[in-house]
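Trainee: Each chain, written out:
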Amino acid sequence: MKALLGLLRHPGRSLPPEHSLLLRASAAGAVGTGIVACLLQGLLQAWMAGPALAAVAAGGLWSYRRRARPVPYLRAALAGLMIGAFTWFFMTVAADAPAGALTAVEAALAALFAIMQAVHSFDLPTRRDLGFSIAGSATLIALASTQAVSIDFGLVVALWSTFVVLGLAAAWASMAGGAPVRAAAVVPAALAALAVAAVIVLVLPAPAPPAFAPASPASGTGGPGGSQPSHLVPASSSASLQTASATGPTGVGGYLGFAGPLNTALRASLGNEVVLRVRADRPSYWLAETYDAWSGQSWTQSARALHPATRAGTTNGGPVTSDGTRWETVTGGPPLVVGTSQPAEPAMPTRAAGPVGAGSGSTAGSAHPGAASDGSDGSAATPAGTGASAPSTDYQTFYLASSGSNLVLHASQAMLVWFPTHRLYVSADGTIESAQALGAGSVYTVVSSVQTPSPATLRGANGTQGLTAGVRTEDLRLPHPYPRVAALARRVTAGQSSVYGAVTALERWIGRHTTYTTSIPTLAAGQDAVAQFLFGSRRGYCEQISTSLAVMLRTLGIPAREAVGYVPGPYDPLTGTYDVLAKDAHAWVQVWFPGYGWQSFDPTAYVPNATPSSGSSLQGVVLSELSRIPLVPTMPLLGLLGLAAVLVRRHRRRPPTWRAAVTRSVERAARRSRVPTGPSDTLGTLAARVDVATGARGPVTAVAVAGAAERSAWEGWEPDPDTARRLVYGARRLPRLASRARARAILSRR
Amino acid sequence: MTRSGLPRPRRAAAPGAASAAVLAVWGAVARGSGVGWVQTVGALVAGLLVVGLAGPALAVWRVRLAALEVPPDATAGSALAVQLGVRGAAVLAPRSPPGPDVATGGARRVILEVRPPHRGVLEHCTVVVSSAAPFGLLWWTRAVAVALPGPVLVAPAAGGPDPAVVERGADAGPGSGPERSGTEVRGLRPYAPGDGRSTVHWPASAHAGSLMVREHERPHRRTAVVRGHLPPGQEAAEEHAGRVLGTVAALLASGIEVELATVHEGGEVVEPVPTVRDAGRRLARSLPHRAFGPSPWDGRGR
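From first to last, the protein sequence lines are chains V and R.
1 is the number of the first residue of the first sequence in our numbering; add one for each residue after it.
751 is the number of the first residue of the second sequence in our numbering; add one for each residue after it.
Hint data in this document are derived by calculation from the structure and do not stem from the laboratory.
Every residue gets a Cβ at the ideal spot worked out from N, C-alpha and C, and that includes glycine.
Warning: the hint list may mix true and false statements.
Chain V side only, calculated, beta carbon under 10 Å to chain R, not exhaustive [as the list claims (entries may be wrong)]: (1) Ala171; (2) Trp172; (3) Pro573.
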């Protein structure tokens, strides 16, 4: 019993106490950064993170003061608290988290780790305990990094890495008998670790973006005779990257297409800021809404009827994909049903596999947003034996980085939505709207149904079957007959027997005869945008290009409508998300195919850039590429590299002997003092002038150090190392003294 | 000349296994979550571990040692202070001769306190340099033989006096008779100014009628020859050398001049040893030699 009490009183106090303040501060900093990271990622609530941070700070201070005088029974008490924390964790997990619901465990796990660190911080007498703290902070950072979707998380990682490196370096310095932590030793080590990390990131398979779309079972060479859809543009033949940062008189920062009517007469100025991030199974065109009424200048929605989406009385905890990945639950309630699980027009066209270009109307490397079919106004059944693959489920979680409209973005046909508000409205064309605008930080998850019909099947789908009369009328309506456009459309599609063939023929014609540019003048009042584009300048961007295709199709009696949204945006392997920029706003065309619903076509992908001067083109490409470099990891890395370069340069240029160092300092002081120099000057005469100019007094003057150097050079006198060091340090003061004297002289003159 | 062996890790199994486990778990989390940040932070941790585990090899390789100052004489079993110049932070463990570890703490000069275990001529000091720089995750060691500025003659630890090793003048050996005074009376002469009062020989003065004083002369010193031939066998030679040194010390303390006979590579040498230190030096060099080892290249790490 006595032995047990003794063990509880002072268990295992054999290691010496740690005295390094730097190590203690670094350990506390690393743990604090981990807790803050979890707080920023929403894994910890403020009421828990705040006390945990305070406990870490107070515990660190307490541990330092009592490092050599262990408190009796402290470890036993802390162990009791730990056991309590573990009990709470297991009870919480067992009560709240359904089996396999890792998302529910993460927050509890973060709380457990934070409590453990806070408790442990009161018992850090030795170096080993501090090492455990630093290692434990990695678990907090790891948890936070699983939730990070922003490049800004790099700041947290950089801060934590700095604390860890400093802590480890201080630990080694303490092990080596209290050696000082020198930047000259720590910085190269940190750079080496960074280089190893970079190599690992480059060598290991990164979380790569999924293919743009699942490959079609019936792959082909493309073209009219192939089985691959001809409306898909291979990466190699696509138009080059096209910027969509329009410069127009409106100066509107957002895309005008989301502000009600889509007025093609206006010119927006779209920026490079990230407006939302999307974590998705695969990249897609994120559809916001469609328009069916064309006035000659503007697209609007005719007679939009909204009906509220209903709550599914099913699952909680977020949808689960086929591979077991559980998606983030946005709200605690069941999802909102915005479509049918088996779409009325289930077949979707195969989309091109390959890289996705960025930029509004700038689909470098891909042509098509894929399919979108609303399930409300069509009722065609999927034809048997058409070659269409079975529908697959596509999950997307949208993280809004800036305030947006109340439109709920989605890929293809949305089925379910986990949404932070209680009510959503779905219009007849499939547009999903929230009752209120969504602010920055809003998160929602959409489940879409995707099906990929082959080109051959689409070629067999002609007519307007499945469309209600009203919808058909609206999607064929034109503000005026467009005789010239109709003649052109008929001429281009001559010989095409299918809708699909007509669409692709028109796309190719547009690609051959128009050019892409955002620098186009605004339309005059009453001027028709399509006529101006096709028979006027033939220069425009996605709105003019897609509108022209839609109008040409309507003149041929093919139902078509305008769709707006975003292209996928560049994939960020760090966050695993697609970063959608403001300039990624885009417009494309949807065409009706009986049995397959509305299929999306993007004629802009065929349109080459307007030929700029080679210089401006190169400049644009360079600036565009530079703007894509993430600042957070790049700038610290460049800073570290610059610091390392400076250190290496200083090391290489340092004088080989104390005499050379002294001589250099005296000469530098002479230059700064602007004292006259001549070719016959000796170091001593130069030093005498420097002393006069600087008014140097005391034991270490320029004359004194120069005299020592000359004695060494001519008399063979060599100082002992300490004296030599004093001479060098004293000489280093001389240039500073010279600068100050010079400044004083200038000021006194004024 | 300073020579050194290759850096070797010390007890690498535990840190290596722990690091591998951490990275494996991290990799699994990264693979499961599919988030790039997990992979990035994991890569950073891996970078720190790689540098922390392998970096000490470079650090210990870069540590430079040089012996700056060492006393010319030492005694077996007694501390010998060796001043070393050090470049780089490390922990120094003298292996041959052994001594307590010293952490340099960033100092440029450290004092190693070594204890030569036996007599001989110490020309280099083998030091095991250990470093865990830059992150203190794993120790790497390297044995370095530091050449001393000059040979250190390590005398045997003096044992008890042994009359058997005294070859001649045994009667003058220690304990052979009472101590003699420093002078003896040779005769008498008349007093001269300046003579001490105590030198007056009163009976002769009374007999001669004038002051007569004693005239002294120094006694004739006797010389002992100590046989310092060491037997074969390291332990026996060490023990014998200790007895010889003890005997010489006792004889010298008795005021007897000592000639020490020792065997060296050039043959037998019989020469007087005016001090115990000289005797120790002779014995340090006498055959059979015993090297200070082990060598830093014997393949053993610490």
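Trainee: Next, verify each hint and record whether it holds.
Mentor: Verification of the hints:
| no. | hint | in the structure |
| --- | --- | --- |
| 1 | Ala171 | holds, 4 Å |
| 2 | Trp172 | holds, 4 Å |
| 3 | Pro573 | holds, 4 Å |
Of the numbered hints stated above, none is contradicted by the structure.
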